[in-house]
Amino acid sequence: MVGVRCFRLVLGALLPVTLAAQELPRQVEPERLWKLDTGG
Amino acid sequence: MFVRPAVADGVAYFGSCAGVYYAIDVRSGAIVWRYDFRPEVGPVSFHGNALVTEGLVITPTEVVPAHVRAFDRHTGRTVWQRSGAWALTLTDVVGSGRLVVGRDEEGELIALTADSGTPVWRAPHLARRSGINVARTPAAVGSDIIYSAQDAAVYRVDGATGQPRWRTEIGCDVTTSVSVGEGEIYVGCSDGTLFRIRAADGAELGRMTLGHPPEGRLLVVADRVVVPCGSGWIGAVTRSLDRLLWERHDLPPLSVVQPMQWGQCVLTGARGQLIALSLADGRTCWMTSLEGSVRGLGAAGDIVLVGTIEGAVYALRGLPEAPQ
Numbered sequence: 011m012v013g014v015r016c017f018r019l020v021l022g023a024l025l026p027v028t029l030a031a032q033e034l035p036r037q038v039e040p041e042r043l044w045k046l047d048t049g050g
Numbered sequence: 026m027f028v029r030p031a032v033a034d035g036v037a038y039f040g041s042c043a044g045v046y047y048a049i050d051v052r053s054g055a056i057v058w059r060y061d062f063r064p065e066v067g068p069v070s071f072h073g074n075a076l077v078t079e080g081l082v083i084t085p086t087e088v089v090p091a092h093v094r095a096f097d098r099h100t101g102r103t104v105w106q107r108s109g110a111w112a113l114t115l116t117d118v119v120g121s122g123r124l125v126v127g128r129d130e131e132g133e134l135i136a137l138t139a140d141s142g143t144p145v146w147r148a149p150h151l152a153r154r155s156g157i158n159v160a161r162t163p164a165a166v167g168s169d170i171i172y173s174a175q176d177a178a179v180y181r182v183d184g185a186t187g188q189p190r191w192r193t194e195i196g197c198d199v200t201t202s203v204s205v206g207e208g209e210i211y212v213g214c215s216d217g218t219l220f221r222i223r224a225a226d227g228a229e230l231g232r233m234t235l236g237h238p239p240e241g242r243l244l245v246v247a248d249r250v251v252v253p254c255g256s257g258w259i260g261a262v263t264r265s266l267d268r269l270l271w272e273r274h275d276l277p278p279l280s281v282v283q284p285m286q287w288g289q290c291v292l293t294g295a296r297g298q299l300i301a302l303s304l305a306d307g308r309t310c311w312m313t314s315l316e317g318s319v320r321g322l323g324a325a326g327d328i329v330l331v332g333t334i335e336g337a338v339y340a341l342r343g344l345p346e347a348p349q
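Protein chains in written order, with my numbering: chain E, 11 to 50; chain X, 26 to 349.
Hints were generated in silico from the structure; no laboratory data involved.
Wrong hints could be hidden among the right ones.
Listed below are the simulated SDA-like cross-link pairs for lysine to any residue, each with C-alpha atoms no more than 20 Å apart in a straight line [claimed, not checked]:
#, chain 1, residue 1, chain 2, residue 2
1, E, Lys-45, X, Gly-208
2, E, Lys-45, X, Ser-53
3, E, Lys-45, X, Val-45
Computed from a predicted structure; not experimentally measured.
Throw the hints in and build the complete structure from the sequences for me.
Spelled out as structure tokens, the structure:
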């Protein structure tokens, strides 16, 4: 039981860190097929 | 490019704020045809979405007096054009067999035939007390038209005759489009309230106070409604309007008024960034850098079209459709 509690505590401590890491916006680089400049 | 491009048979149709209307091959970027409105009608921009029929693309323009033009969508030849003493700012052309445009000065709806632009009916019974606000484009439900007016009410009119079917007073100034999903209508107000109305009879099914005045186009997707606000706030609520599912107020000021579904994400944007948020929980799916402020969004198969306030239009492929 102690082990389970510790695991939960550790998991609880790690969870916010994990979520915060996921919140960092991931920059993606899609293929740019074309660009048209319409002038405005 | 402010509008959502109309796409048919691999060609995207959109107008630019510089006054030129384009038909672009989505994959190659080749200009199929273009039409410069400026010599004929002067400075013009396009803030309402076009309607594509089997053979035509019919676009409103933002110019006074109003000017609606129907192009042969394959050749760009003008099939008909109609000008009148009405303003159409930000009003979509909607409908199927007929099309409806708005008149924001006196509140009339005007229906023209799609094939020739011939006026069919007007709705003068609305004119005395209601106007169609620029942000309140009508929506088609079957052959009927639903719209909001400046008398703080939502209307459904018979698309064939213009006769009203019902009027529902909501008591506040509508600030969003009328968005339709599975027999229900959603509109937002200046006091931050969202309304859910039954399309069949206009009965109010629910309301929810957000505290952020929604602005632009509500996006109804599956079991939720995505709500943009001009303040930089964006969120999602249940379609029953009983619960806020998620909200984001930490984003840069958003420049997109028509968020777009892209797989499991909703696309929006800001200066220099196209931003994808998870429809499920609002987390950032991904971002991609672009020059300019993102404004108009559209899709054609696996390609996303992105227009910026500065005038550039990008075609992007390979954007993830799920959180990364």
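Outcome of the hint check:
Between Lys-45(E) and Gly-208(X) the CA atoms are separated by roughly 39 Å; this puts the pair beyond 20 Å, and the hint is violated. The straight-line distance between the Cα atoms of Lys-45(E) and Ser-53(X) is roughly 10 Å, inside the 20 Å bound, and the hint therefore holds. At roughly 16 Å between alpha-carbon atoms, Lys-45(E) and Val-45(X) fall within 20 Å of each other, so this suggested pair holds.
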